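Asks: Those sequence lines, one after another, are chains D and B. Residue numbers for the first sequence follow my numbering, so the first one is 1 and each next one is one higher. Residue numbers for the second sequence follow my numbering, so the first one is 1 and each next one is one higher.
What the hints contain is simulated information worked out from the structure, not anything from laboratory work. Possibly wrong hints are sitting among the right ones.
It does not matter which identical chain is used: a pair holds within one copy or between any two.
[As the list claims (entries may be wrong)] List of simulated lysine-lysine pairs, BS3-like, C-alpha gap at most 25 Å:
hint, residue 1, residue 2
1, LYS294, LYS185
2, LYS114, LYS61
3, LYS213, LYS294
4, LYS189, LYS295
5, LYS295, LYS185
6, LYS188, LYS294
7, LYS246, LYS137
8, LYS153, LYS188
9, LYS61, LYS279
10, LYS163, LYS179
11, LYS188, LYS295
Bear in mind the structure is a predicted one, so any value in this text is a computation, not a measurement.
Protein chains: 2
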Amino acid sequence: MSLVIVGSLAFDTIQTPWERRERIVGGSGTYCSLAASFFTNPKIVGVVGKDFPAAVLKLFKARGVDTEGLEVRPGKTFYWEGRYGYDPNQRETIRTDINVYEGYRPQLPAAYRKADIVFLANIDPDLQDDILAQVRKPELVAMDTMNHWIRSKPEAIGRVLKKVDILFANDEEIRMLTKEANLIKAGKKILAAGPRLVVTKKGEHGALVFGRKFVFGVPAHPCEDVVDPTGAGDSFAGGFLGYLDKMKRFSHPDIRRAAVYGSVLASFAIEDFGIDRLKTLTQREIEARFRRFKKLVSF
Amino acid sequence: MSLVIVGSLAFDTIQTPWERRERIVGGSGTYCSLAASFFTNPKIVGVVGKDFPAAVLKLFKARGVDTEGLEVRPGKTFYWEGRYGYDPNQRETIRTDINVYEGYRPQLPAAYRKADIVFLANIDPDLQDDILAQVRKPELVAMDTMNHWIRSKPEAIGRVLKKVDILFANDEEIRMLTKEANLIKAGKKILAAGPRLVVTKKGEHGALVFGRKFVFGVPAHPCEDVVDPTGAGDSFAGGFLGYLDKMKRFSHPDIRRAAVYGSVLASFAIEDFGIDRLKTLTQREIEARFRRFKKLVSF
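Only chain D is shown next, with the shape it has when bound in the complex (with noise of 0.2 Å):
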């Protein structure tokens, strides 16, 4: 099978109650394949400028990334500045620029055209939109969007909304596309619109999957230290998607696994700032971590 995550690659300064960290890399795209590379062999989509590290790009590489659709441009990377509340799931946006985003569109690769899985993460939904039409027909196509897109592209969101097959969202974001207080008649709401499974990812509350069948839940790891909540939510997505491009089957049990393996690797991105704790997780850390979420919820 093959993975192709659409996303930003960036950098990223994150103010913490506790801590300050400027410039360091992060982005939906870079967060989602490194995550679903402990899975398979994702290809990213994205741009960077001059000024992205190499060290990162070596990185991508190191861990089976395919970086073919990655573009170097002259210019500067795209920057995010936000700053977390006492309670992680809080944030708060300081400052965007897109720098080499602005008038990018991206153009796929052959071998990524013929993509089983493609994950639509956090950008623009007329961006995402494009790319669909650039895709032959993948077995599996997820989203993630945010509240800003919500508000000010509603209806590009709910034409994307009906080529997906997955919709990943915090609770806030659910509520905020469906008009709808109750997350279970809001997860029903999106089931009509066109996808067959909505992802919500509550944070510290872990996550709930809906299908028009079946709903399942998990709790979150129960983590001391959220060092940075930044990138927990598409690493929650390369864990999902990636162990779901592994297995080649997307049963319901498949399913429940690969919320599973999403929550293991957010739980382990929240431990340290950008990247750091994905740099150094092991195959062994993840399959140990896997059993304490069995042990956590088993009765």
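For chain D, the structure is supplied; the task is to place chain B on it using the hints.
Replies: What follows is chain B alone, placed relative to chain D:
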């Protein structure tokens, strides 16, 4: 075994975004006893006024709730009025008339004093302490509390906390009690203060049980129509402790199953106003929902 429940019996006026109900029967002791009555014959302690409906006292008897510890006094039953937002976890107290609870010092009947399990539902922590002085070495003591007491009587709460085995609290209360944003760290702080188990009730996000050597998480039952969230926490405690009283054991597997039965009872309680759903609930429905919880989390 025997389970003594000390709590309130009340008239509640409830305003949800969709409906208002005036002076319906509620109270922590009421919900908890009815929930526990599906597993054991709980003994209730509390006071009501002459205006308390005979039909509810009859219901207690019909469900095997021992009411020897229930005083009927001249005057009015405790009254509470509250309002819920679209987020059912958000509750505002509009009015509280303590009425017959004014100057009330519960006197446990002789048969209650050798209780195996004592539950101190949300009442004045000084009263909770008073009760503990009247019981002879129970095997398990559990307490609940609320933000009001944490703010107004922190020392009394600290004193009771040292003497109990289990604290039931919602996530907001646990953070308030420990001044710790991270729930896992907060749970550990409480374990250090006395209890050997902390049960964090998170409403639509389920529950998390912390012991010194284990953690157990259970998502909430996916409920589309939260009609009235009142009594969810007390029904949880009733199901939890009622099950343990029935099993006569407090092993980790028992505690995990107790937390699921607690979730099951809470999930039913919120399906209708006040105690209406608990009135019609059957053993068969409880077992069916227990199995649904199994499915919900299995992977």
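Asks: Confirm or reject each hint.
Replies: Now the hints, each set against the structure:
1. LYS294 to LYS185: For LYS294 and LYS185, only the inter-copy Cα distance (22 Å) is at most 25 Å; the intra-copy one is 28 Å.
2. LYS114 to LYS61: Answer is within: at 21 Å inside a copy they meet the 25 Å cutoff, but 69 Å across does not.
3. LYS213 to LYS294: Both ways: LYS213 and LYS294 sit 23 Å apart in one copy and 16 Å across, limit 25 Å.
4. LYS189 to LYS295: between (33 Å within a copy, 23 Å between copies)
5. LYS295 to LYS185: Classified as between; 20 Å across copies, 30 Å inside a copy.
6. LYS188 to LYS294: Classified as between: cross-chain Cα gap 22 Å, same-chain 27 Å, threshold 25 Å.
7. LYS246 to LYS137: Intra 19 Å, inter 56 Å, cutoff 25 Å: intra-copy only.
8. LYS153 to LYS188: within (22 Å within a copy, 44 Å between copies)
9. LYS61 to LYS279: within (12 Å within a copy, 63 Å between copies)
10. LYS163 to LYS179: within (21 Å within a copy, 46 Å between copies)
11. LYS188 to LYS295: Close across copies (19 Å), not inside one copy (30 Å); limit 25 Å.
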